[in-house]
Amino acid sequence: MKKIHLGLLPRIIIAIILGIAFGSFLPAMPVRLFVTFNGLFSEFLNFIVPLIIVGLVTIAIADIGRGAGRMLVITTLIAYGATLISGFTSYLTGVTFFPSLIEVGVPLKEVSEAQGVVPYFSVEIPPLMGVMTALVLAFVLGLGLAYLQSDALKNAARDFQDIIIKTISAVILPLLPIYIFGIFLNMTHSGQVFSILLVFIKIIGIIFLLHIFILVFQYCVAALFVHRNPFKLLVKMLPAYFTALGTQSSAATIPVTLEQTKKNGVSPDVAGFVIPLCATIHLSGSTLKIVACALALMIMQGMPYDFPLFAGFIFMLAITMVAAPGVPGGAIMASLGILQSMLGFDESAQALMIALYIAMDSFGTACNVTGDGAIALIIDKIGGSKKEIAE
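In this note's numbering, the protein residues as written are 389 to 779.
Since the hints were made in silico from the structure, they are not lab data.
On a predicted model such as this, the values are computed, not experimentally measured, just so you know.
Every residue gets a Cβ at the ideal spot worked out from N, C-alpha and C, and that includes glycine.
Treat the hints with caution; some may be incorrect.
[Stated by the list, open to error] Okay, derived cross-link-like pairs now, EDC-like style, lysine to aspartate or glutamate, Cα gap no bigger than 20 Å in a straight line: (1) LYS769 to GLU647; (2) LYS590 to GLU491; (3) LYS542 to GLU647.
[Unchecked claim] Quick list of the computed label-pair ranges, beta carbon to beta carbon: (4) LEU516 to PRO627: 34 to 40 Å; (5) LEU626 to PRO562: 30 to 36 Å; (6) LEU414 to ASP694: 24 to 30 Å; (7) PHE601 to LEU406: 30 to 36 Å; (8) VAL524 to ASP694: 37 to 43 Å; (9) PRO514 to PRO398: 33 to 39 Å; (10) ASN617 to GLN537: 46 to 52 Å; (11) GLY700 to ALA416: 37 to 43 Å.
Construct the entire structure; sequences and hints are all you get.
In structure tokens:
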């Protein structure tokens, strides 16, 4: 018989449904089993997050820094700027609409420890370094490797990156559905699940509309450079959008994105340079989702927030997104460190962030790759020699 392969999103949805279903009638004893697992898993996450930052950000910066061509610098700056605009648009939309849609006062930490349900045992796994230490170390190593003549340390860093990516794809992501199941099992057991699910539905709806707005805005900006109808340009990129919905991967969608970008009139040289690069460094959709979800959860918990706090978070997030590995949910895993260090998210808030993000993973990826076509149009108009592109 043919094996049925369920993607990460269906498994997360099933975990949420089962957690709600079982949480409504299971006694405290079985719930304690999953509380124990969640405690161990959250300790492992705390341990691995600094290593994720070092393993992924180091090579990402080293690879970008190695290129000396003008087109590389321009493309990177435009992609970073587009990601920042997306993050700030998400924040401003959130502070405008979320307070009237979200009920304040759902303490997620109390939910995760509800009604005296405590783990059977706990194990502390202290991280090797703090998150900010990991970020600074990754920047220092990445910039150093970019200008290092020897490849020995660079190869070692790349091997470490492979270990981290393998840990994410083979350990963390397969266990995430069990972790999410435990969170929703406990929330249902405490009677808080329906208020949180209501927030989920509202936030997903607003984020979907924001994705559409960001894409229209990006193609309107590109149209100013190429003097063409932005909606015709956007419609021509729809095959890439729908391919990304199915693959949940910017890298897997590159062939389609490349072909549709050429159909929009971008030269093959520019398209062949910009599209693969932007598949790594341009993550407007992912940043939009993370900012909106983080703000929603902070409002829900009554946590203090303001523009300076989120401005610093968005600037750092846009850099961290460059390190997102090519696996579903990779962006949220790479951002857990700054969610914890800059916004003060505990394990329960991080778990809900993961669930919210993965529930919309396809739409974020589709927004990322479709926006790559707009950046390619701008780069093509700005111009650059084939020699620069080859560099």
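Hint-by-hint comparison with the structure:
{"no.": "1", "hint": "LYS769 to GLU647", "in the structure": "holds, 18 Å"}
{"no.": "2", "hint": "LYS590 to GLU491", "in the structure": "holds, 11 Å"}
{"no.": "3", "hint": "LYS542 to GLU647", "in the structure": "violated, 33 Å"}
{"no.": "4", "hint": "LEU516 to PRO627: 34 to 40 Å", "in the structure": "violated, 45 Å"}
{"no.": "5", "hint": "LEU626 to PRO562: 30 to 36 Å", "in the structure": "holds, 33 Å"}
{"no.": "6", "hint": "LEU414 to ASP694: 24 to 30 Å", "in the structure": "violated, 41 Å"}
{"no.": "7", "hint": "PHE601 to LEU406: 30 to 36 Å", "in the structure": "holds, 35 Å"}
{"no.": "8", "hint": "VAL524 to ASP694: 37 to 43 Å", "in the structure": "violated, 25 Å"}
{"no.": "9", "hint": "PRO514 to PRO398: 33 to 39 Å", "in the structure": "holds, 35 Å"}
{"no.": "10", "hint": "ASN617 to GLN537: 46 to 52 Å", "in the structure": "holds, 49 Å"}
{"no.": "11", "hint": "GLY700 to ALA416: 37 to 43 Å", "in the structure": "holds, 41 Å"}
Checked against the numbered hints given earlier, this structure breaks hints 3, 4, 6, 8; the rest are met.
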